[in-house]
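There are 2 protein chains.
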Amino acid sequence: MDITDLETPYALVDVERVEANTRRMLERLSALGVSLRPHVKTAKSLDVALLSCGGKPGPITVSTLKEAEQFAQAGFNDILYAVGATPNKLQHAIRLSQSGVDLKLVTDNVEGASAIAQASKEASVSLPTLIEIDCDGHRSGVKPDAASQLRAIAAALNSSTPLLAGVMTHAGDSYNCKSIVAIEAMAEKERSGIVQAATALRDGGFDCHIVSLGSTPTATYGKQFNGVTEVRAGVYVFHDLVMAGLSVCKESDIAFSVVATVIGHQPDKNWIIIDAGWMAMSRDRGTAKQAVDQGYGLVCDARGEPFDDLIVSDANQEHGIVSRRSGGLIDPHAFPVGTTLRVLPNHACATAAQFDSYQLVRGSTNIFGEWPRFRGW
Amino acid sequence: MDITDLETPYALVDVERVEANTRRMLERLSALGVSLRPHVKTAKSLDVALLSCGGKPGPITVSTLKEAEQFAQAGFNDILYAVGATPNKLQHAIRLSQSGVDLKLVTDNVEGASAIAQASKEASVSLPTLIEIDCDGHRSGVKPDAASQLRAIAAALNSSTPLLAGVMTHAGDSYNCKSIVAIEAMAEKERSGIVQAATALRDGGFDCHIVSLGSTPTATYGKQFNGVTEVRAGVYVFHDLVMAGLSVCKESDIAFSVVATVIGHQPDKNWIIIDAGWMAMSRDRGTAKQAVDQGYGLVCDARGEPFDDLIVSDANQEHGIVSRRSGGLIDPHAFPVGTTLRVLPNHACATAAQFDSYQLVRGSTNIFGEWPRFRGW
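Residue numbers (my numbering), protein chains in the order written: chain A, 2 to 378; chain B, 2 to 378.
Any given hint could be a false lead.
Note: identical chains are not told apart, hence a pair may lie in one copy or across any two.
To be verified - In the EDC-like style, the derived pairs of lysine to aspartate or glutamate whose C-alpha atoms are separated by at most 16 Å in a straight line are:
1. K57 with E252
2. K270 with D315
3. K270 with D135
4. K224 with D269
5. K67 with D357
6. K270 with D137
7. K144 with D269
8. K67 with E8
No lab work stands behind these hints: they were computed from the structure.
Sequences are here, hints too, so could you generate the full structure?
Written out as structure tokens, the structure reads:
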């Protein structure tokens, strides 16, 4: 079956590229002497997660308890749920733990820690928990130098039985770096911050086994991970235009695209209209603040070769407007109605979430299989 | 069951408001002597579509053939697929027609029309088709005054058997209007444009039974629909912050919200962190260009009362950052960890698409049921 044979829009994955991306990250971190705990939130696919772990279930990171459940059923037993656990999710977490999963939670405050300790005690189930550290000011977490706050949370976690399992941080601000040098500096800030927090806890008499950090940019460019036990990264399995704009990957590393078809043209405006709008591409405009704005995605031919400056410049629910990045002529005859195109996404996590499965190719236009994915909470 | 009893994030619908919104639109158009063909792409829910049609299946508009299939199975037999039909979807459309659905397609060019006529002939199945008209320059369609182009498309459609069913347009640019007066003018532009196109076809000797137009703003404020046979509108069933920003509804008409929980705080930044990020809210930033930018959504208490100027000002995949619209103090003690909040979306079509069902209330916090929804292509 050829990629032109299916109804569009649909999600396409080049398995060769996923294999290369996952192998590269495993080899890099192995050489630096630190483990990888891939974040499976990007692909939400068992097949991709297995490649990320080197072929068999290994430690993973999830962004929802739905992911934890799906991956646990497939044999992944070491799972970090990396979003601060709300009280309304603790019974679900307890059920997962009781089913035999080593599920680790996250909190950054005494209230959350106390709720976890209380639920754990009442159910007689251990809910090992990491304290989230704010290394770059972009989201949640305790400041690395807030030793007394860290120890208060640790004490709340360990109030009846020791639940403190370690510390974790995510340098999400690395997505805003303007150079590789800046990403390297961010990686060192992330590393030194998490090590400082672990030290503060240990100096306070607390065990702190897990020292976890990561983002795709810092995992790609961090020079050393001394004092760190594991690195987390997610989007590197597919990569995307935001990562390419950060020089974290090349466009030719991007493994995930949306296949679309030309519906019509507005020749007076130099527009091609395609059947992939924001429902297919997502509303993510992550490249808008980068040096090269890719609109809602970079347009490629059916084989995946980008057309220089052709982007999805605007989007309605099921319509994409394709034009040149800075205006300029488009010959409608070069893109007749029915032409198959591929569109590279700004943000693979957001775009992939719009689909229920991936059609699979290996560096060609021949579809040889399909990987299911899931979503929701 | 109370709305605080469920794991967050989830989608909540106030059925009382959906009933009021759908009743209001039916009554308005009935008084103006024109039929309503609701666009079911917003809710993708049989229950909502039934309310939109006044209690039993009626004519509907869909944005995907998946919607056509789901609604056909539920007894909706008069369906307009309002996105230009690509050649790779015609066999699917033929299967739907063969199953007994009166499925109408759309095209705006001779190539598309010829492909439809050819497929229709080969399968001996009638695929009635509307020509899309571009009344406001925002997307696809033939200009209303391009009489010879319109007739060429009509001739291609009718080449072996008469397939031309009429004309349709959508004043999508009404979303950019700055006042009710501007929306009224846009509605008249939409009406006069589609009537002009229909007249050009009739003057060319073509039957043109259906004269279809619509968008929620123009359906709400259009003063008369002379010459029009049907009005299409979609988002009015739920309404959203973009519609409220356009004065098309009041905030208290918005029937759809996302229920979220406080995870933690960053008191030095006056941030509340909640468990609804862009995966739950979608990446839609439709109010960014309006007078009042609502971030990723307007934050309400558990009963649905907005907190003045509290918005989701930034979002990661599963984290929302809540702050005051123009900065300013937030007392973390007023929003302890575990607090249930509701968030009104910028764009109901995009946010609802992130969920697989709606939990239901009737003007209270008591959940009395659930409506499934679907998605995909």
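Violating hint indices (sorted, rising): Of the numbered hints given earlier, those the structure breaks are 1 and 4, listed in rising order.
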